[in-house]
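For this one, chain A is given, so just place chain B on it according to the hints.
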Amino acid sequence: MEANGEQAERAKNAVSGAIKKMTVGLLGKKLGMTQVFDAEGLALPVTVVQLGENVIVDKRSKENNGYEAIQIGGFSAKEKSLNKPEMGVLKKANVAPLAPLREFRVADSTSYTIGQPIAIEDVIKEGMLVDVRGRSIGKGFQGTVKRYHAGRGPMSHGSKFHRSMGSIGPGTTPGRVFKGLHMPGQMGNVNVCVRHLQVVKIDADKKLVLIKGALPGCKGGIVEIKPTKTKWN
Amino acid sequence: MNQVIAEIEAGLLKKNLPSLEVGDTVKVFVKIKEGGKERTQGYEGVVIKQRGCGLGKTITVRRVFQGVGIERVFLLHSPRVEKIAVQRKGHVRRAKLYYLRKRSGKATRIREIAQEKQAVATAAPENFENPPASA
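Protein chains in written order, with our numbering: chain A, 1 to 233; chain B, 1001 to 1135.
Only chain A is shown next, with the shape it has when bound in the complex:
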């Protein structure tokens, strides 16, 4: 009985494994966070994502480009907000202006049609684990205390060592500073991927997805939602 259950589980994994290999993602806009209740009545923190048009605008093929991929347009945009190369792609695809345009690697791009939207249910399902990519909120040039949670010196009692860095290494041996040493610099405003987030709910009519947990970026920021890469779904 249990073996059967296991088998069924594996078969299910194989099916979603096919979805995983495809790795097509959906583009969405982060709207903000709230909470919803699960079947047991427990509150879940969720981020609400408004999905875009997700229309296929271009394709890459092994023959022409050396790899297989499709290009997707996110949200309907004004023509003036797109540059000429982007407009060229959209004109060729004969679709209304969309932004941003993002590429996703696929196993075989011939099965996709330019001008067709990506169906939500082909990519994500309720209860599935997803990876979400976005650009994190920029914090500017920051010191090691904020950037890497380094300790700091006393702020008073005559101390002149407050928040600055301490030693950056030994002397003659090794005679150099090790690579990757934590130092002050730009913090945030980088591409971040958060893995293994659960899809709590999908509203296909309103094109909304509720994802458990926090997503990178500010409200209104663009995020990419993909089935998770590092775990079976």
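Treat the hints as calculated values from the structure; they're not laboratory data. Incorrect hints may appear among the rest.
[Claimed, not checked] So, partial list: chain A residues that the calculated Cβ filter (under 7 Å) puts toward chain B:
#1 Leu-31
#2 Phe-37
#3 Ala-39
#4 Gly-41
#5 Leu-44
Note that the Cβ used here is the ideal one computed from N, Cα and C, for glycine as well.
Leaving out everything else, chain B in the frame of chain A:
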């Protein structure tokens, strides 16, 4: 708040919550799971704190049980909170009744808002809607 998020929350908000205030004595009926079975348990105490708004609003209810003070936080709009019954309206002059933690016995009593006043308070909107003929 974002309009879309407000709509999502509106569907989850309870509409029949009683008006609660800090100082009130309430009985909260909570669903609990025990060995796969679900039953409702009542928890009575004084509201010492209200926090948040909308879907995230919580109350902290304090009671002293077997000489030990217990404070439980309830998410008002949670489906696990089945019902809230207001047993007694209390007159207090603080928004947070943390001072109760340091007191015991008779010192923890809270003056009740006079019944007449309560009656007037509930009757007032009705009178406002349909003023008596003599007025």
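Taking the hints in turn, this is what the structure says about them:
At a threshold of 7 Å, the smallest CB-CB gap from Leu-31 (chain A) to chain B is about 5 Å, leaving the interface hint in force. Given the 7 Å rule on beta carbons, the hint for Phe-37 (chain A) holds: about 5 Å separates it from the nearest Cβ of chain B. Nearest Cβ of chain B to the Cβ of Ala-39 (chain A): about 9 Å, over the 7 Å cut. The hint is violated. The beta carbon of Gly-41 (chain A) is positioned within 7 Å of a beta carbon in chain B (closest approach about 4 Å), and the interface hint is therefore held.
Hint status for Leu-44 (chain A): violated, given a least beta-carbon distance of 11 Å to chain B, over 7 Å.
In terms of the numbered hints stated before, the structure departs from hints 3, 5, listed from lowest to highest.
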